[in-house]
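S.K.: So the chains spell out like this:
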Amino acid sequence: MKQDSYAVILVHSTNHALRVQDVLGKNGIAAKLVPVPRQLSSDCGVCVRVNRIDKETTASVLSATGLETDGLYDI
Amino acid sequence: MIYFDNAATSWPKPPCVTEAMVRFMTDIGANPGRAAHRPANRAAGIVYDARKAAAELFHLSDPLRVVFTCNVTEALNCVINGMLHPGDHVITGGMEHNAMMRPLRRTGETGVEVTVVPCTAEGGLDVSSIVNALRPSTALIALNHASNVVGTLLPIAEIGRIARANNTLLLVDTAQTAGAVPVDMEADCIDLCAFTGHKSLYGPTGTGGLVIGERVELSRLAPLKRGGTGSRSEQELQPDFLPDKYESGTLNVVGLAGLEAGIRWVMNRGIHAIRDHEMNLTSKLIEGLSGIPGVTLYGGSDARRRIPAVSFNIEGMEPSEAGLRLDEEYSLMCRVGLHCSPAAHRTIGTFPRGTIRFGMGVFNTLAEVDTAVQAVACLAREKG
Ligand SMILES: Cc1ncc(COP(=O)(O)O)c(C=O)c1O
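These protein sequence lines map, in sequence, to chains A and B.
Using my numbering, you'd call the opening residue of the first sequence number 1020 and step up by one each time.
Using my numbering, you'd call the opening residue of the second sequence number 929 and step up by one each time.
Hint data in this document are derived by calculation from the structure and do not stem from the laboratory.
If you're wondering where the values come from, they're calculated on a predicted model, not measured in any experiment.
Be a bit skeptical, because a hint or two may be false.
With a straight-line Cα cutoff of 25 Å, these simulated DMTMM-like cross-link-like pairs (lysine to aspartate or glutamate) come out [claimed, not checked]:
id, chain 1, residue 1, chain 2, residue 2
1, B, K941, B, E1162
2, A, K1051, B, E1256
3, B, K980, B, D1168
4, A, K1051, B, D955
5, B, K980, A, D1023
6, A, K1045, B, D1054
7, A, K1051, B, E1162
8, B, K1212, B, E1257
9, A, K1051, A, E1075
10, B, K1311, B, D1298
11, A, K1045, B, D1298
12, A, K1051, B, D1298
13, A, K1045, A, D1023
If we take Cβ atoms under 7 Å as the criterion, some of the chain A residues that face chain B in the derived model are [stated by the list, open to error]:
id, residue
14, H1031
15, S1032
16, T1033
17, N1034
18, L1037
19, R1038
20, G1044
21, G1047
22, V1065
Cβ atoms here follow ideal geometry from the backbone N, Cα and C, with glycine treated the same way.
Whenever a hint applies, use it, and build me the whole structure from the sequences.
M.R.: Below is the structure:
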């Protein structure tokens, strides 16, 4: 089992996930599309995962760019 | 063989377009947005890259404002059927393709008021006639950017500014111009930009889209169809956000892989460089054809004000006969008849006979234009 810690950004759709990944990438933050963890939502979709250490920067990029999301959560 | 039917669909396609499609089919294949495994994410990434390419092409910053459809016809139907209600007024022009005219005429039957502003015999439009047609109830101005029959470009940016000043929206059918002429939704004040992938964007058939500008209220634009979007699966109501609201059902991912490659290819080559080449072809063709006795040309003669679709007739010869003979005796492929645009042919005075249309593209050469002019001269001489 990997013990790394992450944060995820929940979004409306895969399209939104890709836009978030794209914008984070342009700001030097590695982001990956993963299935939404079940504890966060019952939706079958994807969300964007970043390393926990990038959470603060991620939050500021998201608010600076005004991208629509459904929140940023630790997992 | 000379392929002069690019106004119907472009051919050949740049090799990168076919390669991108083969790559998707052999290496990825998955459904975008219906799962989160790696191939599904790669498929979704391909669709997203195509959105980015289209957004860049039309100068819009947000890729999610690009909604994919199967062609421009579907994009036009989406707006016309989704936005106009009985009592609304819509303005269109006398050079429209049936992709625009038929859905508009249908809304006319349901109580939408449709004004068709006449165009000149060359296919041009006097902007003041748009101004004069405006009413308080005008919800939409809907026009093509260039005629598929005579190639005449309409003054879209001027009309867009009029739409803004009068608090109405502008829908543009860029079937003939996207990729061949710069289209800038910001500078040209276009609110709804409908495009097709298989003409001057050099993508495959079955691709196209609608780019939705920020002035459009989504709550006032109903989707053409509803269904699975891969998002909000717990809900039985259609999502209300872009692009999902207007993209139900699995997309044509293999086609969009090709479309992205086509748009990138066009942008790398440079729309201005493509435009210069196509204007040279057009000037040479017009010059050549106008020197042949018995040939009547339609549309303006200034290549800067038109795209490389050139219509003409040969005295004493039906377009259908000319088309068959050009194909069989000269290996020259073109399209004859009414080009799905009865309104345009009425405007230029060629209804119901139609015309012979040479539609050139980026891969055509000046030498091919010479050969084509000689072929037409031979046919005209026989009849002369
Ligand atoms: C001006 C114009 N509008 C609409 C169309 C329809 O295009 P599509 O068949 O890709 O929907 C065409 C081409 O056929 C066209 O030239």
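S.K.: Going through the numbered hints above, which ones does this structure break? Give me the numbers in ascending order.
M.R.: 1, 2, 5, 6, 11, 12, 20, 21
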